[in-house]
Structures are given as structure tokens and as C-alpha cells.
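Using the sequences and the hints given, assemble the complete structure.
UniProt numbering puts the first residue of the sequence shown at 1, with every later residue one more than the last.
There may be inaccurate statements among the hints.
[Unchecked claim] Pairs of lysine to any residue residues, derived as SDA-like cross-links and limited to a Cα-Cα distance of at most 20 Å, are as follows:
| id | residue 1 | residue 2 |
| --- | --- | --- |
| 1 | Lys188 | Phe231 |
| 2 | Lys175 | Ala150 |
| 3 | Lys357 | Gly284 |
| 4 | Lys248 | His184 |
| 5 | Lys382 | Leu276 |
| 6 | Lys151 | Gln139 |
| 7 | Lys286 | Leu276 |
| 8 | Lys248 | Arg179 |
| 9 | Lys357 | Gly312 |
| 10 | Lys357 | Arg347 |
| 11 | Lys356 | Gln344 |
| 12 | Lys11 | Asn33 |
| 13 | Lys305 | Ile390 |
| 14 | Lys151 | Lys11 |
| 15 | Lys286 | Met131 |
| 16 | Lys332 | Gly312 |
| 17 | Lys262 | His129 |
| 18 | Lys188 | Gly167 |
| 19 | Lys28 | Ala53 |
| 20 | Lys364 | Arg351 |
| 21 | Lys28 | Ser40 |
| 22 | Lys117 | Arg179 |
| 23 | Lys188 | Gln160 |
| 24 | Lys11 | Thr64 |
| 25 | Lys365 | Lys382 |
| 26 | Lys117 | Pro87 |
| 27 | Lys28 | Asn2 |
| 28 | Lys11 | Tyr82 |
| 29 | Lys286 | Lys306 |
| 30 | Lys175 | Gln254 |
| 31 | Lys332 | Pro315 |
| 32 | Lys31 | His66 |
| 33 | Lys373 | Asp363 |
| 34 | Lys188 | Ala235 |
| 35 | Lys373 | Asn353 |
| 36 | Lys370 | Ala389 |
| 37 | Lys306 | Ala389 |
[Claimed, not checked] Ranges of calculated distance between the beta carbons of each label pair, as one might list FRET restraints:
| id | residue 1 | residue 2 | range |
| --- | --- | --- | --- |
| 38 | Ala309 | Ser238 | 49 to 57 Å |
| 39 | Lys232 | Gln153 | 54 to 62 Å |
| 40 | His385 | Leu272 | 16 to 24 Å |
Just so you know, the hints here were simulated from the structure itself, not pulled from any lab data.
Each residue gets a CB set at the ideal place from its N, CA and C atoms; glycine is no exception.
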Amino acid sequence: MNPVIGLDVSKGESHAQAFLDRGVPHGKIFKFNHDLEGLSSFLNYVRAVESAAGVSPCIVMEATGHYHSPVVQFLDEHQYLYIVINPLISYEAKKTNLRRVKTDAADAYQLGALFYKEEFEPIKKRGQHLMNLRYLTRQYESLTGMYVQAKLQFQAILDQVFPEYHGVFGDLYSKVSLRFLALHPTSKEVLGMTVEEITTTIQRLTGRGRSVSWCLERAQILAAAARRNPFKETAFPSHLISMQLLIKLLLQYQDHLSDLDKSIETLAEELLEYDLIQSIPGIGTKIAATILAEIGEIDRFDHAKKLVAFAGVDPSVFASGKFVATQNRITKHGSRRLRTALYQAVRCGIRSNRNKKLRAYYDKKRAEGKLFKVAVIACVNKLIHWIFAILTSKEAFRLE
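Here you go:
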């Protein structure tokens, strides 16, 4: 027998349908909550199926964001094999049904039946390390998005309070720039200070990181900016409150991103593939960690084309009768984060001729009349084939 349990996961609860073999459902739909009592009852249900079939069942579920995480961790703890499939696969399978039925019970049944129609690979144990890396890289991406939004809001407020402050420091969002602005947010306050006082304040905020001459130069530029400012005080005191809040947020985001960056690097360095992927010019530490985390176990892919499809850069195909489409867009069905990381890697590689092989391939595509983005996606496809070869052979990239 080849038993399987189809599991439809939702927020806080799941529905399960067991099969002892293809076309042989076992028992009724089983519903349980994602708490200790519910998961314990699910464990008894799995053991009952195991007893009836004589072998341990595999559990099949869809990827549902973070909702399936408690079930996955519970199954890991009790050493049961499970498969997490792309929701697109199950969605397309449901469309083959003539009857339009959408219930949790029906979804669980269809997931179990789908197991016998497709070839799926169970999640492997080493994947847990990669999952940790994936959570961290995704958290970094999410936090970076919030940091960018806070920067945009801060810039909008600064334009209404002290527009001439832009350009005083090389980096507007550096710690010394933000901390000085937190102490003296208006041009009126800066004009009330001497150049020596401004220099002393900047020195105190930078610590020993900058020379006295650098601090003096910034102070002079800042004093000149305050004199050029079109108004001395803002007409809206609420802007000052918002600015103080945003400065605190920006500094906190910087600290959190720095901590996450260190954690990602520490975790990634434990993987042999981390250094191997970085042997490709254009792929740095962040991109390498994201690519590894999103790909997961390379054993899941027996050909580079499957990895291309997983990244969602495979071309869509359309043909009907004698008509065959010649302009096909990429499917974008795969991992968006992997696709973005690969796109960034290509842009870095072809810039300033860092990756000569990739640059030559890009120039060739452009010479063929391909548009910029079409040529870049062709390079992404080429890069995926290189990554697949590196991860399967465990050998570094060679430019020769």
C-alpha cells in the first residue's frame, strides 16, 4: 500500500482525508485545531492510518504562508514525511473537475488524490537549516521595505521643516545626521549656535570616527544651509513631532537590519554552497543567502530547466491550430524573491563588465535586437543553469 493524508490547512485549523492507496479513501474527513490537544488527536489519526496501511503515510499540504508552520513543526518532531506543494499545482488540478465544489473537506480530498497523479519530493531534514535562512532573509526583505517607507515619510517632513539640510552630510540617513537633526530640527536652532558649537556637537555624535577638520567642514556647510533656508521655523509644530518619531524609527530599523544581517551571514556561512555561489561575479553575500534560501534543497530538481520554472522565468507557450505565438512572456509562477535576487545578480554582473561571460552573453542578445529586459531575463536563465551546475557538482564557478 501507498498511504497518504491530504491536509487542507487554514488559520488555526485543518481538515484531513486519508487514502490507503490510489482510489481507496480511508474513513471520513478529520478536523482538528492547531493547539496541543488538536495536534495530539491528529497524531492518533495518523497512527491509525499507519496501522491500517501497514506503512507510515505521507502528509500532503499546500503552502499557506505561515499557517501550515505549526503542523510542519509538529510532523518534524514526530519524524513523519510531508510534502508542501505549490498552491498553483492543486488549483490547476481542481479545474479538471466538472463539478464546482469549494470546501475545506473537498480540498483535503483533492490533495490526497493529487498525490497519486504527480511526483512529489518529501521535505528533507537538511531543509530545516535552509528554512531558517529563508525566514531570516524574508524578514530582512520585509524590514527593508518598512525602512524605505519610513525614509520616504521622513524626507517629506524634512522638505517642509528644513529643506536645505539635504547635502549637509554625505548620507542623510547616517547616524550622525539623524541624531543631529533630532537635537536641532530647525534652521532657527542652528542659527542660534556658533560654528564652534555645531562642530563640538557633531564631534560628540561621531565619537572618534571623524577628524576635527571633517566636523568643522560639516559645521560650516550646515550653518550656510541654515542661512539659505527659506523659513526659520515651521508653521506646523506637528511636523516636529512626526520628525522626532521618524528619526527614532529609522535608527531602530538600522540597528535591527544590522543584527539581521549578522544572523543571516552566520547561518549562511555554515553552508558549503554559500561560498560556491559567491564565486560567480556579481553575487554578493546578501544575494547568495537569498538564492540559497529560496532554492532550498537542490536535490528537488533533476534538471536546470525545473529550477528555471521554479524561479518563474520560463516562457509561457501558446499554440492553437496553425498559430504559434512568437512573443511569449515569462510565467512568473515561481518564487518572486528568487526571481528578484537573480535579476539583481545579473544587473550587478553585467555592470562594469564584472562578469565577462555574462556580459558577453548580454551583448550578444542585445546585438540580436532583444530589448533590455528581454536580454536580462535571458541572462537570468543562463545564470540559473550555472547555479544548478555549481550546486550539483559542488565546484566553484570558472570564468575561463
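Comparing the hints with the structure gives:
no.: 1; hint: Lys188 / Phe231; in the structure: holds, 8 Å
no.: 2; hint: Lys175 / Ala150; in the structure: holds, 15 Å
no.: 3; hint: Lys357 / Gly284; in the structure: holds, 17 Å
no.: 4; hint: Lys248 / His184; in the structure: holds, 14 Å
no.: 5; hint: Lys382 / Leu276; in the structure: holds, 17 Å
no.: 6; hint: Lys151 / Gln139; in the structure: holds, 18 Å
no.: 7; hint: Lys286 / Leu276; in the structure: holds, 14 Å
no.: 8; hint: Lys248 / Arg179; in the structure: holds, 9 Å
no.: 9; hint: Lys357 / Gly312; in the structure: violated, 23 Å
no.: 10; hint: Lys357 / Arg347; in the structure: holds, 13 Å
no.: 11; hint: Lys356 / Gln344; in the structure: holds, 16 Å
no.: 12; hint: Lys11 / Asn33; in the structure: holds, 9 Å
no.: 13; hint: Lys305 / Ile390; in the structure: holds, 15 Å
no.: 14; hint: Lys151 / Lys11; in the structure: violated, 34 Å
no.: 15; hint: Lys286 / Met131; in the structure: holds, 16 Å
no.: 16; hint: Lys332 / Gly312; in the structure: holds, 4 Å
no.: 17; hint: Lys262 / His129; in the structure: holds, 16 Å
no.: 18; hint: Lys188 / Gly167; in the structure: holds, 18 Å
no.: 19; hint: Lys28 / Ala53; in the structure: holds, 16 Å
no.: 20; hint: Lys364 / Arg351; in the structure: holds, 15 Å
no.: 21; hint: Lys28 / Ser40; in the structure: holds, 18 Å
no.: 22; hint: Lys117 / Arg179; in the structure: violated, 61 Å
no.: 23; hint: Lys188 / Gln160; in the structure: holds, 14 Å
no.: 24; hint: Lys11 / Thr64; in the structure: holds, 9 Å
no.: 25; hint: Lys365 / Lys382; in the structure: holds, 12 Å
no.: 26; hint: Lys117 / Pro87; in the structure: holds, 15 Å
no.: 27; hint: Lys28 / Asn2; in the structure: holds, 18 Å
no.: 28; hint: Lys11 / Tyr82; in the structure: holds, 19 Å
no.: 29; hint: Lys286 / Lys306; in the structure: violated, 24 Å
no.: 30; hint: Lys175 / Gln254; in the structure: holds, 9 Å
no.: 31; hint: Lys332 / Pro315; in the structure: holds, 9 Å
no.: 32; hint: Lys31 / His66; in the structure: holds, 19 Å
no.: 33; hint: Lys373 / Asp363; in the structure: holds, 13 Å
no.: 34; hint: Lys188 / Ala235; in the structure: holds, 13 Å
no.: 35; hint: Lys373 / Asn353; in the structure: holds, 18 Å
no.: 36; hint: Lys370 / Ala389; in the structure: violated, 26 Å
no.: 37; hint: Lys306 / Ala389; in the structure: holds, 13 Å
no.: 38; hint: Ala309 / Ser238: 49 to 57 Å; in the structure: holds, 52 Å
no.: 39; hint: Lys232 / Gln153: 54 to 62 Å; in the structure: violated, 23 Å
no.: 40; hint: His385 / Leu272: 16 to 24 Å; in the structure: holds, 20 Å
When each numbered hint is compared with the structure, violations occur for hints 9, 14, 22, 29, 36, 39.
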